[in-house]
Amino acid sequence: MSLESQELSDLKSKIGREPTSTELQIVAAEWSEHCSYKSSKKHLKMLPMTGPLVIKEKGYDSGVLDVGDGYVVTAHIESHNHPSAVEPYGGAATGVGGVIRDILSAGTRPIAIFDGLRFGNIEKDQQARWLFKNAVTGIADYGNCLGIPTIGGEVEFDECYQNYALVDVAAVGFGKKENLIKNHAKKGDLVILLGGSTGRDGIGGSQFASDSLESEDRSAVQIPDPFIEKLIIEAILEARNEKLIHAMKDLGGGGLSCAISETADALDIGIEMDVEKVHTRESDMHPDEIMVSESQERMLIVTSKIKLKKLQIICKKFHIGCSVIGHVKFDNYMHIKKGKKTFANLPTDVVANATLLDLPSKKPVYLDTIEKEKKLKPITDYSKLMMKFLASPNIASKIWVYGQYDHEVGIRTVTKPGRDASVLRLDNGKFLSAKIDGNPKHCYINPREGAIGCFEEACRNVVCTGAKPIGMLDHLQFGSPKDPEIFWTFLESLKGLTDFAKFFKIPCVGGKVSLYNETPAGPIKPTPVIGVLGLIDKKPSIPQKISDNDCLVIIGDTKDELGGSEYFEYVHKFIGGKCPVVNFEDSKKNMFSVLKVINDSLVKSAHDCSKGGLAVAVSEMCMTNQIGCKVSLEKVPGEKLSVDRILFSESHSRYLLALERKNLKKLESILKKNNVSFKEIGEFGGYRIQFTNSAKSIIDLRVDKAQKTWLNSLRDLVLHG
Amino acid sequence: MAIYDVHVTIENKPGISDPEGDTILNDLVLKGTQKTVSKIKTAKMLKFTIKEKDKKTAQSKVQEICDELRIYNPMVSKVTIDVFDS
Amino acid sequence: MAIYDVHVTIENKPGISDPEGDTILNDLVLKGTQKTVSKIKTAKMLKFTIKEKDKKTAQSKVQEICDELRIYNPMVSKVTIDVFDS
Amino acid sequence: MKVGVVVFPGSNCDRDMYHVLSDVFDLDAQYYWHEKGLPKNIDAVVLPGGFSYGDRLRAGVIAAHSPIIKDVQKMAKQGIPILGVCNGFQILVEAGLLPGVLLKNESLNFMCEWTNLIVENNTTPFTNQFKLHDKIPIPIANGEGRYYVDDDTLKELKKKNQIVFRYSEVVNGSTDRIAGVCNEDGNVVGMMPHPERAVESEINPIDNKPSSLIFESLLTKTGVHN
Ligand SMILES: Nc1ncnc2c1ncn2[C@@H]1O[C@H](COP(=O)(O)OP(=O)(O)O)[C@@H](O)[C@H]1O
Ligand SMILES: [Mg+2]
Numbered sequence: 001m002s003l004e005s006q007e008l009s010d011l012k013s014k015i016g017r018e019p020t021s022t023e024l025q026i027v028a029a030e031w032s033e034h035c036s037y038k039s040s041k042k043h044l045k046m047l048p049m050t051g052p053l054v055i056k057e058k059g060y061d062s063g064v065l066d067v068g069d070g071y072v073v074t075a076h077i078e079s080h081n082h083p084s085a086v087e088p089y090g091g092a093a094t095g096v097g098g099v100i101r102d103i104l105s106a107g108t109r110p111i112a113i114f115d116g117l118r119f120g121n122i123e124k125d126q127q128a129r130w131l132f133k134n135a136v137t138g139i140a141d142y143g144n145c146l147g148i149p150t151i152g153g154e155v156e157f158d159e160c161y162q163n164y165a166l167v168d169v170a171a172v173g174f175g176k177k178e179n180l181i182k183n184h185a186k187k188g189d190l191v192i193l194l195g196g197s198t199g200r201d202g203i204g205g206s207q208f209a210s211d212s213l214e215s216e217d218r219s220a221v222q223i224p225d226p227f228i229e230k231l232i233i234e235a236i237l238e239a240r241n242e243k244l245i246h247a248m249k250d251l252g253g254g255g256l257s258c259a260i261s262e263t264a265d266a267l268d269i270g271i272e273m274d275v276e277k278v279h280t281r282e283s284d285m286h287p288d289e290i291m292v293s294e295s296q297e298r299m300l301i302v303t304s305k306i307k308l309k310k311l312q313i314i315c316k317k318f319h320i321g322c323s324v325i326g327h328v329k330f331d332n333y334m335h336i337k338k339g340k341k342t343f344a345n346l347p348t349d350v351v352a353n354a355t356l357l358d359l360p361s362k363k364p365v366y367l368d369t370i371e372k373e374k375k376l377k378p379i380t381d382y383s384k385l386m387m388k389f390l391a392s393p394n395i396a397s398k399i400w401v402y403g404q405y406d407h408e409v410g411i412r413t414v415t416k417p418g419r420d421a422s423v424l425r426l427d428n429g430k431f432l433s434a435k436i437d438g439n440p441k442h443c444y445i446n447p448r449e450g451a452i453g454c455f456e457e458a459c460r461n462v463v464c465t466g467a468k469p470i471g472m473l474d475h476l477q478f479g480s481p482k483d484p485e486i487f488w489t490f491l492e493s494l495k496g497l498t499d500f501a502k503f504f505k506i507p508c509v510g511g512k513v514s515l516y517n518e519t520p521a522g523p524i525k526p527t528p529v530i531g532v533l534g535l536i537d538k539k540p541s542i543p544q545k546i547s548d549n550d551c552l553v554i555i556g557d558t559k560d561e562l563g564g565s566e567y568f569e570y571v572h573k574f575i576g577g578k579c580p581v582v583n584f585e586d587s588k589k590n591m592f593s594v595l596k597v598i599n600d601s602l603v604k605s606a607h608d609c610s611k612g613g614l615a616v617a618v619s620e621m622c623m624t625n626q627i628g629c630k631v632s633l634e635k636v637p638g639e640k641l642s643v644d645r646i647l648f649s650e651s652h653s654r655y656l657l658a659l660e661r662k663n664l665k666k667l668e669s670i671l672k673k674n675n676v677s678f679k680e681i682g683e684f685g686g687y688r689i690q691f692t693n694s695a696k697s698i699i700d701l702r703v704d705k706a707q708k709t710w711l712n713s714l715r716d717l718v719l720h721g
Numbered sequence: 001m002a003i004y005d006v007h008v009t010i011e012n013k014p015g016i017s018d019p020e021g022d023t024i025l026n027d028l029v030l031k032g033t034q035k036t037v038s039k040i041k042t043a044k045m046l047k048f049t050i051k052e053k054d055k056k057t058a059q060s061k062v063q064e065i066c067d068e069l070r071i072y073n074p075m076v077s078k079v080t081i082d083v084f085d086s
Numbered sequence: 001m002a003i004y005d006v007h008v009t010i011e012n013k014p015g016i017s018d019p020e021g022d023t024i025l026n027d028l029v030l031k032g033t034q035k036t037v038s039k040i041k042t043a044k045m046l047k048f049t050i051k052e053k054d055k056k057t058a059q060s061k062v063q064e065i066c067d068e069l070r071i072y073n074p075m076v077s078k079v080t081i082d083v084f085d086s
Numbered sequence: 001m002k003v004g005v006v007v008f009p010g011s012n013c014d015r016d017m018y019h020v021l022s023d024v025f026d027l028d029a030q031y032y033w034h035e036k037g038l039p040k041n042i043d044a045v046v047l048p049g050g051f052s053y054g055d056r057l058r059a060g061v062i063a064a065h066s067p068i069i070k071d072v073q074k075m076a077k078q079g080i081p082i083l084g085v086c087n088g089f090q091i092l093v094e095a096g097l098l099p100g101v102l103l104k105n106e107s108l109n110f111m112c113e114w115t116n117l118i119v120e121n122n123t124t125p126f127t128n129q130f131k132l133h134d135k136i137p138i139p140i141a142n143g144e145g146r147y148y149v150d151d152d153t154l155k156e157l158k159k160k161n162q163i164v165f166r167y168s169e170v171v172n173g174s175t176d177r178i179a180g181v182c183n184e185d186g187n188v189v190g191m192m193p194h195p196e197r198a199v200e201s202e203i204n205p206i207d208n209k210p211s212s213l214i215f216e217s218l219l220t221k222t223g224v225h226n
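Those protein sequences? They're chains A, B, C and D, same order as listed. Numbering of the first sequence is given in the UniProt record's numbering, commencing with residue 1 and proceeding in unit increments. Numbering of the second sequence is given in the UniProt record's numbering, commencing with residue 1 and proceeding in unit increments. Numbering of the third sequence is given in the UniProt record's numbering, commencing with residue 1 and proceeding in unit increments. Numbering of the fourth sequence is given in the UniProt record's numbering, commencing with residue 1 and proceeding in unit increments.
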């Protein structure tokens with residue numbers, strides 16, 4: 001735990017004296033990258049954060065969107081990368097716990113979890129398998145126990161995460177607007193620590209997250225306790241219903257230090273607290289340890305003396321700890337005492353606002369040559385290749401993962417995982433659709449276009465359910481920001497996201513930055529992960545069963561964009577080429593046209609074209625519907641390309657629609673009117689997946705065989721190596 | 001060569017919390033009639049049957065297996081390995 | 001009165017399958033380099049800290065707790081209780 | 001009619017069950033916290049799913065010692081219909097109200113998926129509206145859902161018609177594909193799958209009518225319907 005020398009002198013000059021050891025610990029925790037965003041904060045401001053549906057309130061850890069009729073949806077995203085890389089089970093589980101408490105802090109009930117998981121090459125690497133398997137179990141055990149459905153996510157493997165793990169967790173909450181916590185405090189209000197006891201576990205965690213993995217901190221292991229988290233959720237919501245909470249904040253990175261200083265700073269108050277009042281797990285804890293402990297499952301609450309009694313009754317009912325640890329003052333200082341003795345007394349704005357950095361950036365050299373393609377070896381048997389492709393870890397179905405998550409609890413899940421985005425019903429008759437997406441392979445080749453692509457892909461997934469995107473969450477994961485080349489990729493991604501968000505008027509309602517993601521072999525590829533929330537006012541488009549003679553229409557152009565594609569990387573072991581680029585105008589046209597034809601009930605099901613390209617997207621439709629399809633590649637709109645490029649290009653803004661032939665005319669006239677590039681490229685029926693090029697057979701697979709491979713290969717790989 | 005029973009006990013390291021043990025103590029045992037229990041810690045045990053030339057080899061082989069296959073995570077758990085004649 | 005450590009080992013009765021032990025054996029251990037293991041059985045252990053007048057009482061009290069509170073399910077599991085001085 | 005929904009620390013399907021009872025079937029549902037007693041004038045009791053006490057030690061075992069279980073036991077003797085779903089089933093088993101035991105799934109994983117049940121006993125308060133061998137599409141979501149009894153008990157169960165539901169296929173290694181059982185009198189029923197997740201067409205991708213009959217049966221039994 002330490003401040004850099006510049007920061008230390010900053011601190012001294014701000015407070016005009018030598019800091020005490022406790023003060024140093026507090027400030028070091030709060031000024032860590034993880035808590036203070038010191039490298040990124042200046043730049044994050046560029047993202048559009050407001051919009052007609054966005055509700056802003058001081059001190060919220062999650063974004064709030066008005067979904068009408070007096071209801072709100074809250075959302076947040078977090079990662080737990082460093083802890084998961086050393087203890088995947090506990091790290092992933094406590095990651096879920098943390099983001100859930102952010103949702104709870106606003107006064108809303110968590111109703112859904114999403115997880116984005118990234119590991120090394122599990123085909124080769126036993127360590128990656130171990131990390132993957134245990135992270136999934138960690139998320140399952142935690143989310144299932146809470147009774148919050150995990151309804152979506154993504155899983156990806158890439159060599160750049162060797163001996164490392166990215167575990168991102170997003171959560172969505174729902175509640176009445178009138179029940180939102182208004183975060184305020186009155187003089188004499190009490191500060192209460194509620195939940196599990198404070199122990200030595202997790203000490204140093206937030207700095208740990210900001211250091212690279214080599215300085216492994218063993219005490220940063222956190223033991224998950226989903227049972228107590230569940231009790232906290234119910235207790236807090238009961239207290240909320242009885243209006244017992246003036247202000248609330250969850251304890252995450254930096255523990256009490258961050259929670260106290262940030263709450264005080266946000267509410268423009270001072271807080272005096274006594275570490276002796278904190279319920280601890282061990283009796284001999286030093287004040288410094290109590291202040292920076294990152295023990296999980298704790299919440300900080302501000303309430304009045306009168307309401308305290310009722311709060312205590314609720315906590316007693318649920319058998320959870322509830323300690324009055326301090327009170328509100330109006331001097332804007334955080335005053336930390338043990339009994340009568342003062343251990344720290346600092347202005348909260350100093351603690352809560354680290355000196356922001358303006359780090360240098362420089363375009364990485366590798367980008368100058370990355371677009372050059374190497375000569376690919378010719379493919380002789382596309383059917384064989386396709387079977388191998390469907391079994392590959394990034395393409396294979398993720399059913400082994402989401403099948404371990406209770407995705408039905410809460411009885412809201414209208415569209416279950418396994419499709420593009422999942423859909424939840426809300427209490428006002430509307431529906432919420434959401435998905436998270438990332439693509440480090442694209443982002444490595446072009447950080448800007450890659451990030452935009454992730455954003456567009458998440459939008460596409462949501463649009464395929466008939467939902468209009470209303471909000472975005474961004475999670476920016478990069479290596480060390482002190483490396484100007486890495487910092488450049490960070491800025492490029494951020495700028496791309498900003499441009500797209502502004503163009504589409506999709507506000508950023510929350511996000512997170514995770515830096516210093518370095519493995520022993522170097523930095524990870526740039527890995528922004530984007531979550532998009534969509535709203536459906538009427539009925540959601542529940543995919544209908546595709547049957548014989550239904551036609552297949554593609555929207556959007558297929559271009560020579562295979563850089564970072566699964567085809568280049570998995571099949572040809574080639575990293576490079578031209579990354580797919582989103583054309584904003586086309587993207588908008590396509591998106592709105594798809595929404596229109598879904599709304600008009602013209603299509604049976606819509607699916608976006610992404611990882612693995614057209615070949616995989618068509619196969620997925622066939623396999624989930626257990627029906628064959630015959631596709632004519634020469635009809636695919638776009639640039640004139642070789643067969644493999646048409647099959648596997650990952651160009652954005654493309655959608656596949658399955659519809660009854662009788663609706664084709666109507667559909668075509670709408671798409672023509674909207675000036676959208678589209679084409680009927682095939683027909684469903686039979687039991688074979690067939691791609692032909694000018695009548696020549698290219699791919700010919702049995703649906704049932706393909707499906708079996710696709711569904712089981714990930715499980716087999718994890719269990720049997 | 002002889003056959004040995006090797007017991008591997010995996011438990012959280014001292015200082016690391018054990019929520020399951022706490023729940024069993026507080027919500028089950030102390031709610032019963034018996035109040036003299038002051039702590040419960042949970043552990044997991046794997047009982048190996050192994051054929052090796054002697055006790056010591058049996059012990060070290062099992063230790064090797066546990067480390068190599070990451071049967072436990074040394075970051076959180078400690079193991080105790082006891083060897084018995086079968 | 002003295003303090004005792006009482007170890008309660010809960011394991012499946014003979015004849016009841018133990019898929020977890022089988023999986024560790026077949027999917028992990030036997031796929032590794034080490035082939036001398038012939039069986040793995042899993043068990044759960046609870047370590048009680050209890051204050052009683054003597055070892056025997058400690059043992060019988062814990063046995064009572066286990067039976068009364070169904071610490072193990074007699075239909076499928078059995079327990080072994082070992083007492084140690086603390 | 002009045003239905004009690006028992007809530008334990010860690011129950012997490014209580015609100016779903018309540019919604020189904022009161023909003024879908026228009027029953028007078030009421031929550032009862034595990035430390036309280038049940039009132040006399042109750043017509044049926046449901047133990048919902050979840051993770052009571054975090055499934056620690058063994059799913060259901062700690063909750064089975066809750067004060068409210070004594071009342072549930074009394075009501076069971078009086079012939080009042082009692083339904084345990086998922087964790088509720090596990091609790092009923094651990095409380096000795098139903099035979100057998102629920103072990104870890106053979107896959108060793110938590111399993112959340114849709115499956116089909118076959119009705120094997122259509123005389124209980126929760127199955128009287130079915131024809132024998134009717135099929136019910138329904139989701140399961142559990143980690144310890146593998147029903148186990150030894151051969152002798154299985155014979156007894158068959159003889160006394162205590163097997164209420166079977167899975168249509170092997171899903172988790174349960175003895176004889178058993179998914180739900182009842183006590184000898186037939187008024188206490190436990191099942192691993194979640195009927196409350198299947199009765200609304202909006203969230204049931206297959207067919208919500210069969211599972212609705214579980215609740216319709218209760219209404220019929222207690223004379224609300226006939
Ligand atoms: N880690 C995960 N947790 C839950 N659901 C997942 C996970 N990974 C993938 N899924 C689900 O599997 C389906 C396919 O995921 P993905 O391949 O990422 O879709 P897409 O290519 O449409 O973005 C989606 O429904 C997704 O939510
Ligand atoms: Mg998709």
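Treat the hints with caution; some may be incorrect.
[As the list claims (entries may be wrong)] With a straight-line cut-off of 25 Å between C-alpha atoms, the simulated SDA-like cross-links for lysine to any residue are: (1) B/Lys13 to C/Pro14; (2) A/Lys696 to A/Lys589; (3) B/Lys51 to C/Pro14; (4) B/Lys44 to C/Glu68.
Think of the hints as simulated: they come from the structure by calculation, not from any bench.
Hints and how they fare:
1. B/Lys13 to C/Pro14: Answer violated: lysine 13 of chain B to proline 14 of chain C is near 31 Å, above 25 Å.
2. A/Lys696 to A/Lys589: Cα-Cα ~33 Å, so violated.
3. B/Lys51 to C/Pro14: holds, 21 Å
4. B/Lys44 to C/Glu68: Between lysine 44 of chain B and glutamate 68 of chain C the Cα gap is close to 22 Å, so the pair holds against 25 Å.
Consistency with the previously given hints fails for numbers 1, 2, ordered from lowest to highest.
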